[in-house]
Amino acid sequence: MDKTKSLSSMQIHEPQGRISLDPEKAEEGLSQIVLTVIELLRQLVEKQAMRRVEGGDLTEEQIEQLGTALMKLEEKMEEMKEIFNLDDEDLNIDLGPLGNLL
Amino acid sequence: MDVSAQTDTLIYLYAFIPRREYEQTEIDSLEGIEAPYEVEFISFKEITAAVTKVPEEEYSEANLQKNVENLRWLQEKAYHHHNLMNQLHTHFTVLPLKFGTIHETKSRLEKVVENQDNNILTMLEQLKNKEEWNVKIYADKDQFVSSFMENDSEVKKKKEEINQLSPGKQFFAKKKMNEWVDEKAKADMISLCEKFHEKLAQYSMDTELKKNWEKKITGRKEEMCWNSVYLLKKNQKEQFLDCLQSKKEEAEKGNTGLIYEITGPWPAYHFSQFKE
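The listed protein sequences derive, respectively, from chains A and B.
In this text, residue positions in the first sequence follow this note's numbering: the first is 53, and each later residue adds one.
In this text, residue positions in the second sequence follow this note's numbering: the first is -3, and each later residue adds one.
Next up, chain B with everything else stripped away, as it sits in the complex:
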């Protein structure tokens, strides 16, 4: 099927994959982002592009912008994009492109690939046999603070000192101590996360820190205090995962108030900044 044959459709580009891998792999037909179009593979010299046709009336620059503001539309399409990328990633080395990467014609796409040939191939080479994992750490603040208060020797000392005071003075001393505890616990929490991140980084080819999400997005009552992604070699991920698993168990047993969440494997979204 020739993608450029019709004028009322555009080309939606999912990802680049190495041509050799594409030719060596049998893959079932995959549904595209807009039915009835399926995912197609266009091969260039050494690179194959995974694409699908999309109707121009929905995906031209102005219309896409409008559609993206419709949350329901965006959710459905972004889900497809994400899902399809995972499917591609199970078969090939994938250089994933951003949601909504559109080319008007096959020849435009060809030009991009020609111009970026080396760049794309280098990135594909770097991403070969690698995958991305995401670690989020949530903190149940009350639990963390109370476990901190139980275990910190300075807190014990301060408490004893406060007990010697008269009731009115105790009030101010307690407030002061609570402020101190809050700050100290927060610093402790960050340093725990940082140390753990450094440990995980030892098993990783690359890492990237991400912004913590607000509760509105996570839908959890615990606050997110760490969010980072790791690029791992597929055959070396066991150590990374074991390290996480033991940390998770340790946290649960010790009632530390920290909750570790790991997701993956993902295509290397954060380690493939491809710009046309």
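Extracted from the complex, chain A is given alone in its bound form:
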């Protein structure tokens, strides 16, 4: 069941490394942009948090809270991707010579 679903979504959403802004499907394009920006921010926050944890200037309790919050954020993000029928590659933009956004 799951397999069929992911297969059909793959056919519709060929990841192209760019945002599709078809006027007929403005909503889809918009949700892709918004989720791409959120995902970028989420990953930045996560990286910064990792740095703080490794830096050793957080208490045990702070690490626990931060970890739990980020885990929930990640789960939420997965749900959103599911809702808007997007996968990781859809939330990445090909920046040409600079490589990929994420």
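You may find that some hints are simply not true.
Once the Cα atoms are required to be at most 25 Å apart in a straight line, the calculated DMTMM-like pairs of lysine to aspartate or glutamate come out as [to be verified]:
{"hint": "1", "chain 1": "B", "residue 1": "Lys180", "chain 2": "B", "residue 2": "Glu121"}
{"hint": "2", "chain 1": "B", "residue 1": "Lys154", "chain 2": "A", "residue 2": "Asp139"}
{"hint": "3", "chain 1": "B", "residue 1": "Lys212", "chain 2": "A", "residue 2": "Glu116"}
{"hint": "4", "chain 1": "B", "residue 1": "Lys171", "chain 2": "A", "residue 2": "Glu106"}
{"hint": "5", "chain 1": "A", "residue 1": "Lys124", "chain 2": "B", "residue 2": "Glu156"}
{"hint": "6", "chain 1": "B", "residue 1": "Lys212", "chain 2": "A", "residue 2": "Asp146"}
{"hint": "7", "chain 1": "B", "residue 1": "Lys170", "chain 2": "A", "residue 2": "Glu112"}
{"hint": "8", "chain 1": "B", "residue 1": "Lys211", "chain 2": "B", "residue 2": "Glu179"}
{"hint": "9", "chain 1": "B", "residue 1": "Lys244", "chain 2": "B", "residue 2": "Glu146"}
{"hint": "10", "chain 1": "B", "residue 1": "Lys180", "chain 2": "B", "residue 2": "Asp202"}
{"hint": "11", "chain 1": "B", "residue 1": "Lys182", "chain 2": "A", "residue 2": "Asp139"}
{"hint": "12", "chain 1": "B", "residue 1": "Lys155", "chain 2": "B", "residue 2": "Asp184"}
{"hint": "13", "chain 1": "B", "residue 1": "Lys41", "chain 2": "B", "residue 2": "Asp138"}
{"hint": "14", "chain 1": "B", "residue 1": "Lys180", "chain 2": "B", "residue 2": "Glu146"}
{"hint": "15", "chain 1": "B", "residue 1": "Lys107", "chain 2": "B", "residue 2": "Glu53"}
{"hint": "16", "chain 1": "B", "residue 1": "Lys182", "chain 2": "B", "residue 2": "Glu194"}
{"hint": "17", "chain 1": "B", "residue 1": "Lys107", "chain 2": "B", "residue 2": "Glu121"}
{"hint": "18", "chain 1": "B", "residue 1": "Lys152", "chain 2": "A", "residue 2": "Glu106"}
{"hint": "19", "chain 1": "B", "residue 1": "Lys211", "chain 2": "A", "residue 2": "Glu91"}
{"hint": "20", "chain 1": "B", "residue 1": "Lys94", "chain 2": "B", "residue 2": "Glu54"}
{"hint": "21", "chain 1": "B", "residue 1": "Lys124", "chain 2": "B", "residue 2": "Glu57"}
{"hint": "22", "chain 1": "B", "residue 1": "Lys152", "chain 2": "B", "residue 2": "Asp138"}
{"hint": "23", "chain 1": "B", "residue 1": "Lys180", "chain 2": "A", "residue 2": "Glu141"}
{"hint": "24", "chain 1": "B", "residue 1": "Lys172", "chain 2": "A", "residue 2": "Glu112"}
{"hint": "25", "chain 1": "B", "residue 1": "Lys172", "chain 2": "B", "residue 2": "Glu157"}
{"hint": "26", "chain 1": "B", "residue 1": "Lys172", "chain 2": "A", "residue 2": "Glu80"}
{"hint": "27", "chain 1": "B", "residue 1": "Lys217", "chain 2": "A", "residue 2": "Asp109"}
{"hint": "28", "chain 1": "B", "residue 1": "Lys137", "chain 2": "A", "residue 2": "Glu130"}
{"hint": "29", "chain 1": "B", "residue 1": "Lys154", "chain 2": "A", "residue 2": "Glu98"}
{"hint": "30", "chain 1": "B", "residue 1": "Lys137", "chain 2": "A", "residue 2": "Asp139"}
{"hint": "31", "chain 1": "A", "residue 1": "Lys77", "chain 2": "A", "residue 2": "Asp140"}
{"hint": "32", "chain 1": "B", "residue 1": "Lys94", "chain 2": "B", "residue 2": "Asp138"}
{"hint": "33", "chain 1": "B", "residue 1": "Lys165", "chain 2": "A", "residue 2": "Glu126"}
{"hint": "34", "chain 1": "B", "residue 1": "Lys154", "chain 2": "A", "residue 2": "Glu80"}
{"hint": "35", "chain 1": "A", "residue 1": "Lys133", "chain 2": "A", "residue 2": "Glu80"}
{"hint": "36", "chain 1": "B", "residue 1": "Lys62", "chain 2": "B", "residue 2": "Glu52"}
{"hint": "37", "chain 1": "B", "residue 1": "Lys182", "chain 2": "A", "residue 2": "Asp109"}
{"hint": "38", "chain 1": "B", "residue 1": "Lys171", "chain 2": "A", "residue 2": "Glu80"}
I should point out that these hints are in silico values taken from the structure, not numbers from a laboratory.
This one's a predicted model, so the numbers in the text were calculated from it and none came from an experiment.
Starting from the structure of chain A, add chain B where the hints point.
Only chain B this time, still in chain A's reference frame:
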């Protein structure tokens, strides 16, 4: 037919072949890169050049440059060049020249052959009874990483350690482990390719590493992680091919995420750097 008789055509040079081989072999007429001209063979002292006529308006230096930018034109002509070289290679020892090697007149070509006589003959001697094979290895990264995680003892240990942690700490520990796994798997992948390359090199006269192609060029979803060419003796290629075949089967059976692709035989494009 004398190639130099007309002034509005140039000479397109495909390859050099040993004159003796040319004289001992019967070959059907071959279509040139520009119809209606056919492939012709011009023999010098010990070397024969495979050429065809091309119209000057398309192949003069400036015009050729312009044409090459037209992808459709380039694709069609490069395909012909490649195909013709394969045909020549089935009959003769071939010193292949780059696509778009043009000479204005037969006498210019003659001068090049005269000047490079020894060089060409040495290369032809080296390439005799040899052929080129290309091996590309693609990696399905997810598959490779998951098979790596299943089989690596250090990963198992780390996972057990992580399970002992509180949920918040688990999050960071998992991220850290994933980063470590990614790096380790990548290093593993390269070392697997290198080891296999060394094995193949044992059966080869010469090898050359090539740049990995981007997904845009390969059109595959798996990333190319190895690309190399091998110069093989025709009568010794079986061992090389057997080695590849068994590796291919082993990879498929073991679900390693590595995909082996072999193409050939090709004329020795990468082992005949001929410069005029």
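Outcome of the hint check:
no., hint, verdict
1, Lys180/B x Glu121/B, "violated, 45 Å"
2, Lys154/B x Asp139/A, "violated, 28 Å"
3, Lys212/B x Glu116/A, "violated, 43 Å"
4, Lys171/B x Glu106/A, "holds, 12 Å"
5, Lys124/A x Glu156/B, "holds, 22 Å"
6, Lys212/B x Asp146/A, "holds, 12 Å"
7, Lys170/B x Glu112/A, "holds, 17 Å"
8, Lys211/B x Glu179/B, "holds, 21 Å"
9, Lys244/B x Glu146/B, "holds, 21 Å"
10, Lys180/B x Asp202/B, "violated, 30 Å"
11, Lys182/B x Asp139/A, "holds, 23 Å"
12, Lys155/B x Asp184/B, "holds, 19 Å"
13, Lys41/B x Asp138/B, "violated, 58 Å"
14, Lys180/B x Glu146/B, "holds, 13 Å"
15, Lys107/B x Glu53/B, "holds, 24 Å"
16, Lys182/B x Glu194/B, "holds, 18 Å"
17, Lys107/B x Glu121/B, "holds, 21 Å"
18, Lys152/B x Glu106/A, "holds, 23 Å"
19, Lys211/B x Glu91/A, "holds, 24 Å"
20, Lys94/B x Glu54/B, "holds, 17 Å"
21, Lys124/B x Glu57/B, "violated, 32 Å"
22, Lys152/B x Asp138/B, "holds, 18 Å"
23, Lys180/B x Glu141/A, "holds, 23 Å"
24, Lys172/B x Glu112/A, "holds, 17 Å"
25, Lys172/B x Glu157/B, "holds, 13 Å"
26, Lys172/B x Glu80/A, "violated, 34 Å"
27, Lys217/B x Asp109/A, "violated, 42 Å"
28, Lys137/B x Glu130/A, "holds, 21 Å"
29, Lys154/B x Glu98/A, "holds, 21 Å"
30, Lys137/B x Asp139/A, "holds, 16 Å"
31, Lys77/A x Asp140/A, "holds, 20 Å"
32, Lys94/B x Asp138/B, "violated, 39 Å"
33, Lys165/B x Glu126/A, "holds, 15 Å"
34, Lys154/B x Glu80/A, "violated, 40 Å"
35, Lys133/A x Glu80/A, "holds, 12 Å"
36, Lys62/B x Glu52/B, "holds, 13 Å"
37, Lys182/B x Asp109/A, "violated, 32 Å"
38, Lys171/B x Glu80/A, "violated, 30 Å"
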